[in-house]
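S.K.: Chains as they are written, first to last, in the numbering used here: chain A, 1 to 250; chain B, 1001 to 1405.
Warning: the hint list may mix true and false statements.
[What the hints assert, rightly or not] Covered by chain B, per the in silico footprint, the following chain A stretches (three or more residues, Cβ under 8 angstroms):
| no. | segment |
| --- | --- |
| 1 | 52-63 |
| 2 | 72-84 |
| 3 | 111-124 |
| 4 | 209-215 |
The hints are simulated quantities; they were obtained by calculation from the structure and are not laboratory data.
Note that beta-carbon positions come from the ideal geometry of N, C-alpha and C, so glycine has one too.
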Amino acid sequence: MASQPVIHTHGLVKVYAMGANQVKALRGVDLTVAPGEFVAVMGASGSGKSTLMNILGCLDVPTEGTYDLDGERVNGLGRNALADIRNRKIGFVFQGFNLLSRTSAVENVELPLLYDRSGKHLESRRLALRALDRVGLSDRGHHMPNELSGGQQQRVAIARALVTEPALLLADEPTGNLDTRTSVEVLSLFQQLNDQGITIVLVTHERDISTYTKRIVELRDGKVIRDVPVADRRQASDDVKDLDAAGEVV
Amino acid sequence: MRALVLIKVAWQSILKNTMRTLLTMLGIIIGVGAVIVMVAVGQGAQARINQQIQNLGTNMIVLTAGASNQGGVNQGAASFNRLTVENVDTLRRESTLLAGISPVIFAPGQVIGGAGNWRTHVNGVSTDYPVIRDWGLSSGSFFDANDLRTLRKVAVIGQTVATALFPDADPIGQEIQIRNVPFKIIGVLAPKGQTAGGEDQDDVILAPYTTVKDRLAGRQFIPQILASTSRPEDIAPAQAEIKAIMREAHRLATWEADDFTVRNQTDLAETAESTTKVMTMLLAAIASISLLVGGIGIMNIMLVSVTERTREIGIRLSIGAHGSDVMTQFLVESTVMSLLGGAIGILAGFAGARILGHFTGWNTVVSVPTVFLALAFSASVGIFFGFYPARKASALNPIDALRYE
């Protein structure tokens, strides 16, 4: 059971119809991610990484190919079934945080549980507070998003992604809106969560960011052109200290 | 269970946008308020007319000569004016249910006396008349059976006549001339006010019907007989009884139609009520238009809200909300807003009806069914006009919605 992959895709093809033209965003992607992995999906814009991310996140369906998520065949499911899969198995972290405004941090974290169909909403507050605790924001639960810094907002978003205990944490450019120090802080949190056994797939175009992960999958023109382990993995927690030290000098 | 969660979600969303919510509700508040006020005015008028009809007398039955063209068969002049004093006596003798009976002989005429002269109605009636009409005296006394029998020239005058002829003096004991026949005033009627038709009921002089018939009218037939029962439930049987007695008295064969008409207050009330009901409906219909406009206002805001909150919808969909969840949320939002607006509108309507009543002197009545109708109507406005925006929200594609700026 432990060896069952979290993600297993075979021959993923996605074709968009743009008027008369057909654009092939993915041209046969095979990808397998085992539990506990920390994968960076890289590529320039137009490489198909957003499309892959949407399909992996069950927000979109492939034109061809198969996708098994946590042992469950996903392609061919309907809109509501996909919504349930997203709710149970995937935690999303977006570039723009995507928190509900005028809604407190803890209420934002609770949100996925409200749509849970197994009765978790009954203890949503407790679970939400625990998730906030995991990202180190247990004292900020009642704050509104606009009262929090960018890094804190992203951590609230991570808590929201974690609250349902998903099989996969899917992060789309999670540091895109953050400064260097905060980015490293957030990556430190990802590394910490990964050390606790959470499988993470992170989409980024920054080579720098990918060096904090364990494996890099690079796409170009809708195909995987490189799939290598990270040789010289950096520890984000060390880099935070270094940055602080440098900051004191300046 | 899930519905409860979704209601909570919708409620939070309403609270988070107080200003928008209030502005949206304003249309419904005004609409419901207007309906309540308008219907209150209409029903107030209705209640007033009913009260005025009640004012005619208690459990009163009216017997008039001639058929009221029933079944399209006009009885013609031959059957007209066939009520007589003998009929009154027969009814009094044979009826078991009547508490009082009185002929009414009309003799309009110029009256001279006191401060000047006055044109008024002179009605010849029996001693039962005050009971039938539920009409007391403010001073003096009514004439008695002896006065009737001896054709005494005594009169009881209404308030209007009293004020017109004797503005300063006490009319009791004074003499007036009705068509040159001297009458002695023995009593003054209590004020009764106007009829539903706006006629001044106090502009009247009552005298023994025997005297009026003999000295003023000089006719054998009497145009109207008034009667009353002591209990309201006796009215219908008493009417049947009167009919039977009258048919026999007029020697009508079974195939012949009635040559008289028996009506009660309910019949009169029904006629008046149908008129005011039409008026009430008309007012309500006009006010409903503003409710409709309020509903369109809700739809407008909800549509804007769906666009404005595209990202929120995207977030909800991406973390596992079904389309139906989003749809329910928006529907609940619009319904709660319009219900809330309806509730406030009802309060505003109550206040408005009172204020209007205070300044115009109109009678206004806010009835419970109206309130419930207004609430139900505003809820359905919310559902109806919230449906399209809610559907639009639920049909969004999560990817596009998340990317929406």
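S.K.: Against this structure, judge whether each hint is valid.
M.R.: Results for each hint:
1. Only residues whose C-beta sits within less than 8 angstroms of a C-beta in chain B count toward coverage, and the segment 52-63 of chain A has 4 of them, enough to reach three; the restraint holds.
2. Three residues within the 8 angstroms Cβ limit are the bar, and the segment 72-84 of chain A against chain B gives 4, so the coverage statement holds.
3. For the segment 111-124 of chain A, the proposed coverage by chain B is satisfied: 7 residues have a C-beta within less than 8 angstroms of a C-beta in that chain, meeting the threshold of three.
4. Here the segment 209-215 of chain A counts 0 residues with a CB under 8 angstroms from a CB of chain B, which misses the bar of 3, and the coverage is violated.
Hint 4 from the list above is the single one not met by this structure.
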